[in-house]
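Undergrad: Listed below are the residues making up each chain.
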Amino acid sequence: MYRYDKYDHLIVKERIAQYRSQVERRINDELTEAEFLPLRLQNGLYMQRHAYMLRIAVPYGLLSSAQMRMFGHIARKYDRGYGHFTTRQNIQFNWIELDQTPDILADLASVEMHAIQTSGNCIRNITSDEYAGVAFDELFDPRPYAEVLRQWSTFHPEFAALPRKFKVAINGAVEDRAAIAVHDIGLTVVQNEAGEVGFKVMVGGGMGRTPILGSVVREYLPRQHMLTYIEAVMRVYNQYGRRDNKYKARIKILLKALGVEEFTRLVEEEWQDLKDSPSTITEEEMARVAAYFTPPAYETLPNIDARLDHADNKAFSNWLLRNVKPHKVPGYAIVLLSLKKTGVPPGDATAAQIDFVADLADRYSFGELRATHEQNLVLADVKQTELFKLWQEVKAHGLATPNIGLLTDMICCPGGDFCSLANAKSLPIAAAIAERFDNIDFQHDIGDIELNISGCINACGHHHVGSIGVLGVDKDGSEWYQVSIGGAQGNNSAIGKIIGPSFSALQMPEVIDRLLQVYVRERTEEERFVDTAQRLGIAPFKEHVYATPIKAGELVGEDHYA
Amino acid sequence: MLENHTEIIKGRAVVADDWTVLRLDEGQTASDAVVPEGKVIVPLAVWQAKRESLAARPQIGVWIASDERPEVLKGEVDKFAVIAVDFPKFTDGRGYSIAYNLRMRLAYTGELRAIGDVLRDQLFQMQRTGFDAFATRQDRNINDALKGLTDFSEVYQTSVDQKSPLFRRHERDVRDETSDVGYGI
Chain A
105 MYRYDKYDHL IVKERIAQYR SQVERRINDE LTEAEFLPLR LQNGLYMQRH
155 AYMLRIAVPY GLLSSAQMRM FGHIARKYDR GYGHFTTRQN IQFNWIELDQ
205 TPDILADLAS VEMHAIQTSG NCIRNITSDE YAGVAFDELF DPRPYAEVLR
255 QWSTFHPEFA ALPRKFKVAI NGAVEDRAAI AVHDIGLTVV QNEAGEVGFK
305 VMVGGGMGRT PILGSVVREY LPRQHMLTYI EAVMRVYNQY GRRDNKYKAR
355 IKILLKALGV EEFTRLVEEE WQDLKDSPST ITEEEMARVA AYFTPPAYET
405 LPNIDARLDH ADNKAFSNWL LRNVKPHKVP GYAIVLLSLK KTGVPPGDAT
455 AAQIDFVADL ADRYSFGELR ATHEQNLVLA DVKQTELFKL WQEVKAHGLA
505 TPNIGLLTDM ICCPGGDFCS LANAKSLPIA AAIAERFDNI DFQHDIGDIE
555 LNISGCINAC GHHHVGSIGV LGVDKDGSEW YQVSIGGAQG NNSAIGKIIG
605 PSFSALQMPE VIDRLLQVYV RERTEEERFV DTAQRLGIAP FKEHVYATPI
655 KAGELVGEDH YA
Chain B
47 MLENHTEIIK GRAVVADDWT VLRLDEGQTA SDAVVPEGKV IVPLAVWQAK
97 RESLAARPQI GVWIASDERP EVLKGEVDKF AVIAVDFPKF TDGRGYSIAY
147 NLRMRLAYTG ELRAIGDVLR DQLFQMQRTG FDAFATRQDR NINDALKGLT
197 DFSEVYQTSV DQKSPLFRRH ERDVRDETSD VGYGI
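Going line by line, the protein sequences match chains A and B.
For what it's worth, the working numbering labels the leading residue of the first sequence as 105, then goes sequentially.
For what it's worth, the working numbering labels the leading residue of the second sequence as 47, then goes sequentially.
Pulled out of the complex, with its shape left as it was, chain A reads as follows:
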């Protein structure tokens, strides 16, 4: 993985000094809260319901074991003993004291990390494929480009106060695991007919209040022009993006207002002036960064069937089926550690689990880890011969729930229990659903399904692209939940359709059950929930869900998470 050189260290250290001064001036009242707010946000510090929340950048989701241990340290020393992995491959801590934040940053800098631009109206952490470098279907490793872009976007002076936040994702595989269609800029690494590497450029995707899939503005951009082209997009957005209404300020709204053609014309015109300027990436720089992502020292091993010696072990089989993915190198496997155990808020990990996972990375996976946008963790380079041993260890620490891609592998934002933006709680809904459908055989029968829950329209829980999406809404001061179906991320991205009037929290498990009943009744052999939902549309689901009164169930864990 990428390592800081003295310039990276210098910039991060100067940043800490700058931020320390800002915090001191806020505490001394030399800065008003209104003035401090954008400054702290650009350092990932939010004021939540109960305390400050600090979001730490995990560039494109890649972590070393030392960095992971630092999270454990931060959880213990500055927080309440746990951290929360987010849908943008970052981690956040929910119980932070303002005056300690500069010290946290200093601790982070010691492991080459920071919290720069993890929030605020600027270019956020670049996200990518959680299986980058090891995916079976990878054409190009996206991480070197993500790193080049990370450096370019860090403290970009002109794009420090954009109309709204700006998210970039890069994918280099056949299957899009980076959800590029719902990003402000989504890049796909591609090859042209001459065999040269470049990008397909999408702009203007996003979720939130107005979910829109991105539009292709350029089919092929030679890779050396990545920075100048993105600069052109950013300058057009910075100048013309709306600033009068924060809900209409994302680049997707500008692109829709201008039309793809006119937007593209403006970008291309801007770019003509920047093309081949010194920001054009040199072969040397590309090679330098790419060298950090060369494969580790894999042994020459045969592929094996890990099930063979444990054919009677159903729990292990389930785990292999759901939590282990094919690796591009024979004899190795990609292992997902589920942070979705029933009874635990999705994405949460305790300090002990964090330390344990860091140790696993050292012992099983060349000292590296990844965080996924579905809020799980990945050991990317595990020998197939060690899978059983690893499973036993992971199981003992509550990280082996065999539910990756299943109903209880929910994406869920922190919601109204923590977040001051939320209209409704999301964690108790997730908990109640997890409890109701805890039976793993039932989940395996239902198969691949994405249940995504957001506590408000900002859509941190990606509800628009869930096979089932749940959105918390506020009606006359009480919390209600709107349900949509048929959304999808990846190559066939789609925005889900709302099935009808919203439900109370207590009705939600029953609503999910009824949706699943329709699926089980209507599905064809190979159909996933989303396929059935897209084929039939909402009508049969709607009819069944609203057919009879929905009795309220019990909500679990509400007090537990408050």
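Just so you know, these hints were derived from the structure itself, not from any lab.
Glycine included, C-beta positions come from ideal geometry on N, C-alpha and C.
Where hints are given, some of them may not hold.
Said to hold, decoys possible - Example chain A residues on the side facing chain B (calculated, C-beta under 10 Å, incomplete):
id, residue
1, Y111
2, L114
3, I115
4, E118
5, Q122
6, R129
7, L135
8, E139
9, F140
10, N225
11, C226
12, S257
13, A264
14, S381
What the hints assert, rightly or not - Computed footprint of chain A on chain B; a stretch qualifies when at least three of its residues, placed anywhere within it, have a C-beta under 8 Å from a C-beta of chain A:
id, region
15, 125-139
16, 192-204
For this one, chain A is given, so just place chain B on it according to the hints.
TA: Using the frame of chain A, we list chain B on its own:
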């Protein structure tokens, strides 16, 4: 409405200033505006309405609002002793692109002044995008604001102040002499 700053930051020093910024009152049109004698920075619309008489003055300045386009000054930027860009709120980043365009596209080389909600924590990026004068908010200590210009000694990307990216200027991958990985744990 007339605005005066007795002191501004210019280059990297606090200096006395004798320019006056003219802002139109609500309802006032550009052609109605009375431009006082002396060194005045007028709104872009006033410049456009009274170009002939204003151009005859020995020294004139113009200011651009964040929703105006600098290109309308194409070919005449050298008529101004100062061009200012207004930041109505420090969170409005359009002024950075306006400054970039003035320097890079319109080849303006004279004084480029940030006016409006100009605060210490934005000065570094203002300086990078081409500003060389800062009329900082008068309820704040200007000597304190000066510190904002030196927050960073190195930058990754190009802008008006630095035409070459870090990767072209320095040999990268040079490590710090001492490694302190994980010292905080």
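Undergrad: Does each hint hold? Answer for all of them.
TA: Here is what the structure says about each hint:
{"no.": "1", "hint": "Y111", "result": "6 Å, holds"}
{"no.": "2", "hint": "L114", "result": "5 Å, holds"}
{"no.": "3", "hint": "I115", "result": "6 Å, holds"}
{"no.": "4", "hint": "E118", "result": "5 Å, holds"}
{"no.": "5", "hint": "Q122", "result": "4 Å, holds"}
{"no.": "6", "hint": "R129", "result": "9 Å, holds"}
{"no.": "7", "hint": "L135", "result": "8 Å, holds"}
{"no.": "8", "hint": "E139", "result": "7 Å, holds"}
{"no.": "9", "hint": "F140", "result": "9 Å, holds"}
{"no.": "10", "hint": "N225", "result": "7 Å, holds"}
{"no.": "11", "hint": "C226", "result": "9 Å, holds"}
{"no.": "12", "hint": "S257", "result": "8 Å, holds"}
{"no.": "13", "hint": "A264", "result": "5 Å, holds"}
{"no.": "14", "hint": "S381", "result": "7 Å, holds"}
{"no.": "15", "hint": "125-139", "result": "holds (count 4)"}
{"no.": "16", "hint": "192-204", "result": "holds (count 9)"}
Consistency note: the structure conflicts with none of the earlier hints.
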